[in-house]
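A.B. asks: Protein chains in written order, with our numbering: chain A, 1 to 263; chain B, 1 to 253.
Just so you know, these hints were derived from the structure itself, not from any lab.
Only a predicted model underlies this, so the values are computations on that prediction, with no experimental measurement involved.
There may be inaccurate statements among the hints.
Capping the alpha-carbon separation at 20 Å, the derived lysine to aspartate or glutamate pairs in EDC-like fashion look like this [to be verified]:
1) K231/A / D158/B
2) K78/A / E26/B
3) K70/A / D31/B
To give an idea of the chain A side of the interface with chain B (calculated C-beta under 7 Å), a few residues [claimed, not checked]:
4) Q67
5) N84
6) G143
Listed next, with one range per pair, are the computed distances between beta-carbon atoms [as the list claims (entries may be wrong)]:
7) S86/A / K199/B: 32 to 38 Å
8) S47/A / R128/B: 36 to 42 Å
9) S86/A / E215/B: 26 to 32 Å
10) S251/B / P73/A: 57 to 63 Å
11) N139/B / H15/A: 33 to 39 Å
12) V256/A / K199/B: 53 to 59 Å
All residues carry an ideal CB built from backbone N, CA and C; glycine is no exception.
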Amino acid sequence: MALTGLFLCLFLAGHLAGNLQLIFSDASAFNKYALFMTSNPAVKLLSYLTYISILFHAVDGFLLTYQNVKARPIGYAKNNPSKNSSFSSRNMAVLGTLILVFIVTHMVNFWAVMHFDEKMPLQTISVNQMGAKIDYYITTDTGKFFPTDSLQLNQMGIEIRNRTEFYNKEANVIMGEGYKDLHKITVAFFKDAKTGLIATIAYVLAMFVLAFHLLHGFQSAFQSLGLNNPKYTPAIKGFGKAFAIIVPLLFAAIPVYIHFFLK
Amino acid sequence: MSAAKNINITLKIWRQKNAKAKGQIETYKLDNVSTASSFLEMLDQLNEQLINSKKEPVAFDHDCREGICGMCSLYINGRAHGPDTGTTTCQLHMRKFNDGDTIYIEPWRSKAFPVVKDLVVDRSAFDRIQQAGGFVSVNTSGRTIDANATPVPKHDADRAFEAAACIGCGACVATCKNGSAMLFVGAKVSQYALLPQGKVEATQRVLNMVRQMDEEGFGNCTNTGACEVECPKGISLENIARMNREYLKASII
Ligand code: HEM
Ligand code: SF4
Ligand code: FES
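Work out the full structure, taking the sequences as your base and the hints as a guide.
C.D. replies: Below, the structure written as C-alpha cells:
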C-alpha cells in the first residue's frame, strides 16, 4: 500500500510536469512529449510499473478495507469519530474508488485515443504562401512537410499508414513520421461547446478527491514504512500537506485555463 | 471547583444476557446523580435502583478504579473512556455531564473482543498476543544478571518506560474504525525492542506477536491516529512505526 502509494505520488509529479506543457509551451512541444511518453522504452517500463501500481494499490486497498470492516461486525449506536481522526483518514477507500473511476474515464478519453483511435489527427502547421494559408503536416524528422490536402498528397505518391507514417507508395519506403496531435484533442475535449464545461467541472472535482486522498495518504505511507521520527515527521507532514494541495491544484488549473482562457 | 450538585440523566445502555444473546439498547432514567461522583459510581447507583426494583443489574468491568489496571472499558457517547482524553472510564467524573443529558454506554466493539454480558467484553485476545512474545526469557538458574548491571541510555529507557505505561485496556481497538490493535501491540513490542535485554529475541517477538494479532481477528492499521488521541496513557503512534520497522527488519532478515 505504502510503496505503491508513494510510487503513484512520484508518477503524479511526472505526469503534472508533462501536462503543464499544455499551458506553458506550444503544441509541438507537448506533442513531442506525448510521442516520447508512448515510444521511449524506459518510459514504457515506467508506465507499465504505473499500471501495475494502480492495480495493486486498488486491489490491496479493497482487501484492506474488507478485512477492516469485518473486524467490527457490530457497530456503535453512537459514535463520534470526528473527535479523534480526520475526514480523509476515515474515507480513504471511498476517495480511492472515486479516483479509480476518474483514472478509467481519463484513460478512455486520452490514453485510449492516443493509443488506438484510427482517426487521431496529426499535427499540422499553417504556412503563408503568396497570401494564402496552406496547412502542412509536420514530421519528427525535422524539415520534412507534407501537404494536408489528400489529393495533393496522392499526387506526390504518398499515403499515410499506421496512423502516422508517410509512405512512398511505389518504393514502399517510409518518408517521415507525423506527430499525433494530442494537444488538439485535449483542447477540443475541454472546449467542446456541449460537454467541455461538464468535463472541466468533473476534472476539478476529481482533483479535490485526489487532494483529500493525499492529505492523509502521503504522510500515512511514511508511518506504514516505520518512518516516524520526532525530528523528521513534522517536515514529512508539512511537505505532504503542500504536495496534497499544490499538485491537484496545478492539475485542475490546466482544464480550467483551456476552457475559460485559451483563445 | 464549582460545588457539587445533583443532576437527572437518561442512560441508553447496551444490555445483552450472554455471549450468544442478541442484545439491544435499553433506556433508563436516573435522578439525583451527584456531579461529585465518578462515572462508575453513577453506574453503581443505577444498579442499586435496578436491584431495588428486582431487575438485573448492568454488568460492567472495573477493578482498581484509579486508572492503572485497565479493566474498566465503556464506549461513552461515541468515545472510548468518555469525553475526556488521557483518562480511563474510572477516572471520569459526572461533573463532565449536565442536567438532562442523554448518555450512551456501549461495550468495546471488536470481532476479537466478544461481548460476555452487557458491557463486559472478553479481552483475552490481548493475553494471547502477550504470550506469543511479550516477554524476555530470563535464566533463573541462580546466576541471573542484575538488571541494573546492563547500562541503558536514558533516552531509550524513557521511551521504553512510556511504552510500558500501556495498561492493556483496549480503548485503542475500540476507537479504531478498523478495530486494529496496533497501538497496543506496538507498545508491547517497543518496550522490549528499546532495551538491550529485549534485543536478543526481537526478531521472533515481533513476528509472533503480529501473527497472533492477525489470528485474533483485529483489523489493519491505516494510520487514522484515533487510538493515540483516545489512549488513556498517551501511547504514541511512534510505537506503531517502531513495530512496523521491527517487522520489516525481521521479515527481511
Ligand atoms: C494517483 C493515484 C493515487 C495516489 C497517489 C495514492 C496514494 C496513496 C497513498 C500515499 C496512500 C497511503 C499508503 C499507506 O498509508 O501505507 C494511499 C492509501 C490508500 N489508497 Fe491510494 N492513491 C491513489 C489512488 C488510489 C486508488 C485508485 C484507490 C482505489 C481504488 C486507492 C485506495 C486507497 C486505499 C483504500 C488506501 C488506504 C488505506 C487507508 O489509509 O485507509 N488509492 N493511497
Ligand atoms: S495502547 Fe493505550 S488504549 Fe491501547 S490498550 Fe494500551 S493503554 Fe489502552
Ligand atoms: S478500573 Fe482500573 S483502570 Fe479503570
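A.B. asks: Take the hints in turn and mark each one as holding or not.
C.D. replies: Cross-check of the supplied hints:
Distance restraint check for K231/A and D158/B: the Cα-Cα separation of roughly 17 Å lies within the 20 Å cut-off, and the hinted pair is therefore satisfied. The suggested pairing of K78/A with E26/B holds, with an alpha-carbon distance near 13 Å, which does not exceed 20 Å. With a C-alpha separation of about 39 Å, the suggested pair K70/A and D31/B falls outside the 20 Å cut-off, and the hint is violated. Using the Cβ-Cβ criterion of 7 Å, the hint placing Q67/A at the interface with chain B is satisfied: the shortest such distance is roughly 6 Å.
For N84/A, the interface hint holds, since its Cβ comes within 7 Å of a Cβ in chain B; the closest pair sits about 4 Å apart. A cut of 7 Å between beta carbons decides the hint on G143/A: the least distance to chain B is about 55 Å, and the hint is violated. For S86/A and K199/B, the Cβ-Cβ distance of about 36 Å falls inside the hinted range of 32 to 38 Å, so the restraint holds. Checking the proposed 36 to 42 Å range against S47/A and R128/B shows it is violated: the Cβ atoms sit about 46 Å from each other.
Here the CB-CB span from S86/A to E215/B is close to 30 Å, well matched to the stated 26 to 32 Å. Between S251/B and P73/A the C-beta distance comes to about 30 Å, which lies outside the given range of 57 to 63 Å. In this structure the hint that N139/B and H15/A lie 33 to 39 Å apart at CB is violated, the actual value being about 59 Å. Taking 53 to 59 Å as the suggested C-beta distance range, the pair V256/A and K199/B conforms, at roughly 56 Å.
Of the numbered hints stated above, those contradicted by the structure are hints 3, 6, 8, 10 and 11, listed in ascending order.
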